[in-house]
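Q: Here's the letter readout for the chains.
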Amino acid sequence: METKIRGRAIAILLVVVACVLGIIGFPKNVQELKDNVHTRIHLGLDLRGGTDEILQVQVEDAVNITSDETLERLKDGLKAKNLPYADIQPDDDKTQNPPLHRILIKGIPPEKAADLQAIVTDQYSDWDLVRVPGDDTSRMLVLKVSSAVTMRNQALMEAMDTINRRVNALGVAESTISEYGQGDFELVLQLPGVDDPSRVEELIQKTAMLEFKLVQDGPFSSREAALAAHGGVLPPDAELVEGSFLENGNETWYVLSRIAAVTGRDLTGAEPSRDSSGRPNVAFHLNRDGAERFGRMTGANIGKYLAVVLDNRVYTAPVIHGQITDNGVIEGGNFTPQSANDLALVLRSGALPASIKPLSEEVVGPSLGADSIRHGVIASIVGLVAIMGFMLVYYRGSGVNANVALALNLLILVAAMGYITATLTLPGIAGVILTVGMGVDSNVLIFERIREELRLGKAVGAAVAAGFEQAFRTIIDTHVTTIVSAAILFAFGTGPIRGFAVTLTIGLLANLFTSVFVSRVIFDYVLSRREKGAALSI
Amino acid sequence: MEFFHEPKIDWMEIKWYFISLSLALALTGIISMVVHRGLVYGIDFRGGTVVTVKFAQAPNDDAIRSELDRAGLRNYTIQGYGPTSDHAVIIALDLQTTTSANALDTGKQLVVNGLSNLYGKGPEGKSDFNNASPQTVADHLMAEDPLGAGVKGLDTATKTYRDLAEAVVSYRNAPPRSGLLADFKSLSSVPGVTPAVISALTKDFYLSSYAVTNTKIVGPKVGADLRRQALYVTLAGLGAMLIYIWFRFELIYGVAAVVATFHDVIITLGFFSLLNKEITLTVIAALLTLVGYSMNDTIVVFDRIRENVHATKRGDFSKLVDHSINQTLSRTILTSGLTFMAVLSLFLFGGEVIHGFAFCLVVGVIIGTYSSVFIASPIVVYFYQRLTKDGMSSRVKVA
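Protein sequences, first through last, are from chains A and B.
By numbering that gives the first Met the number 0, the letter at position 142 of the first sequence is numbered 141, and the numbering carries on one by one without gaps.
By numbering that gives the first Met the number 0, the letter at position 333 of the second sequence is numbered 332, and the numbering carries on one by one without gaps.
Extracted from the complex, chain A is given alone in its bound form (with noise of 0.2 Å):
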């Protein structure tokens, strides 16, 4: 009995230990701890101040254009296979919501439909050739929908990337953003400690600029390097750019052609690729107009550097290898498959694909988010002390129990949500109240239970174990139900009504831990304890 009391103290004590390293860490003063447990605790924004927007990405922008350059490179394609047609226009239904997207070829010769459904097939993957009810002449490039969804997706994905960049270059400290809702295609950007988001709503909502430049010198560790390397004035046609990375843990700074040759506008598109040796670098496709200025630019300046300017920093600045038209390729700057993929999202997303609509924006002072945490927590202590001390009233020894096992409850579901680096807003505190008021429940319900067993006339031992048995079925039927109601909350629920599910949940599970596992120990302790015969204080 001793040892197996032994054991299970045991692995109460590690799970102490674990919640209390996972809420304070290892600190080596007070500072530290102050530090660390402020890291571990997130707060929301309801309750420490900061911006929370909700906005909206109209993906539906990033379908148009696809479809708007799908149709001028139909055009082309035509011409080139000298497939006759009439005419070629968008015919999108847009009483679908969302719309279909379709194009509409107009006059095609009977004998050659044959050839276009091969074109189509062959390199317009993502659409369907159908026949006009009532027009043998004519066909229609109907988008598909699974191909469409991709688009809308990927846009979406893309415009958070964008504007996680952008947030992140403001030096907001702990920005999030992450989908919300669903299939709205809606994204919650939160800003702690904004408590002005006209700047950031500003920025989230401009398009990006990439830019390529000549490098006429550099890098330099600083700019007053790059300057006095110029005599402290630099030419007219020229200007200083920051890079976006260190080298041998020094700024970078370029002396770099004040005109761009080709910007992010020129643009159709960037992915990932290889070299013949295997090594990662990052394709990029130029519209035509673009790949005349690039081809012209780059013939005449082989062996020199190439700027890729993002945001007007430097992004990487590798050497011009030949003549680059409309497909380029961006080698060097020690690329891993990682940093490829980066480059080439970065280039893509250089621009919003989409534009971006503020659907809610909500601020809280940190003054009020300081005065509802102050009063809450008093609201809390007094609460949790009425508690407590009514249990120990009504149940002298046992009380104690019930006050250990409530107060490891908290500790485990404060530690645990550190853990999962959950944050903690009002709704959460709801869910933290049903938990303590359910803590409770379970206690007073063995308690209870016991008392009744010892009226019976069973021996404490005795009463003790049947009192636990049979209010554990009771325990596990409440905490079940709520746990399978709050899995829901958080499968379909949003912010608030998943920040309430997610305490309630870690609330429960520590909860059936700590009034039924820990609580019996501590029974079973006194137990062995225990003069034969005497009472058990309850």
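Calculated from the structure, these hints are not laboratory results.
Do not take every clue at face value.
[Said to hold, decoys possible] With a cut-off of at most 30 Å between alpha-carbon atoms, the simulated DSS-like pairs for lysine-lysine come out as follows:
1) B/K318 - A/K457
2) B/K7 - A/K457
3) B/K202 - B/K7
Model, not experiment: these values are computed from the prediction.
Starting from the structure of chain A, add chain B where the hints point.
A: Chain B in isolation, oriented as in the chain A frame:
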């Protein structure tokens, strides 16, 4: 200590008094909702703009009204927030006709400008310190460079002044100032603030007598989405509970528990309608808490009924239910009493932000406890006594 020693109350004999009371309460609530044309939804669900402002002295509501009228705002309300001594008001605007897609914050800007005209106009060229963000304060400090940090390089200086601005703004936001600084000199107690810093701030800033502590702008789509979602998700949660109870007990127990919970929600919402209180997002969280609490309470009673059914197998089912309720009565009173104490503490000391939340739970805990005895249990009794021949559930699954 013990409150109840084996009570012997015939609950099913007196149920009709309480069922009548429930019907009366529910009916009053529903009539109130009909008269008021639905519930009063907060901005979260309705869409619109809310600006919370704290003033140094008691604000003049009429002056604010005429200023907002002059700005062309319609359909707004001004109401006090928290205790009168806080001098705080909430200005709420309905969705403005001018609120176009890309100008979500038009209403907010008009309110802020109006307040600035009334309470905040400072000397030309100075900024309002009480409505400045840490970033703004840092920018000004950077420009003035009162600590002479500029010589240590740009990054060091930026960090120095950003930290200093954070500290100064935190001091301004902490109680008892709560966002309103009355005198720059009081900043001298903030670590790192030197007389030079104070004079730099005094040079660039003035102190207005109001501070915007909170703004919330909800577009029409988000509001409608949230309202729909709250309803559907709650119904789905109730459905899941019904299925679980069906699986553990029997279908009728699930139905009874859900009806009782539904009863609690209707009556609580009725109270909100009668008292003209707003349904906000935090109230929805409280309603979800109430659903969980009420369900928990009902299951405890059902569990004891199930246990007694297995033990006796015959006899009067309604007496058995009475006995089960009596056996669990002590626990029911204790748990609900303690939970009530906790939510009452929230209601009394929790502050303005969670007032609606705490109110919902204060009502909900009482109703939720009561419905297990007087709504859920009678439904099960009625079902077995009237609708089945044996009058006793003999098919309750063994747990």
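Q: If a hint holds in the structure, say so; if it doesn't, say that too.
A: Right, here's what the structure says about each hint:
A hinted pair counts as satisfied when its Cα atoms are at most 30 Å apart, and B/K318 with A/K457 qualifies at roughly 26 Å. Between B/K7 and A/K457 the CA atoms are separated by roughly 23 Å; this keeps the pair inside 30 Å, and the hint holds. For a cut-off of 30 Å, the pair hint linking B/K202 to B/K7 is broken: about 78 Å separates their Cα positions.
This entry does not satisfy hint 3, going by the numbered hints stated previously; all others are met.
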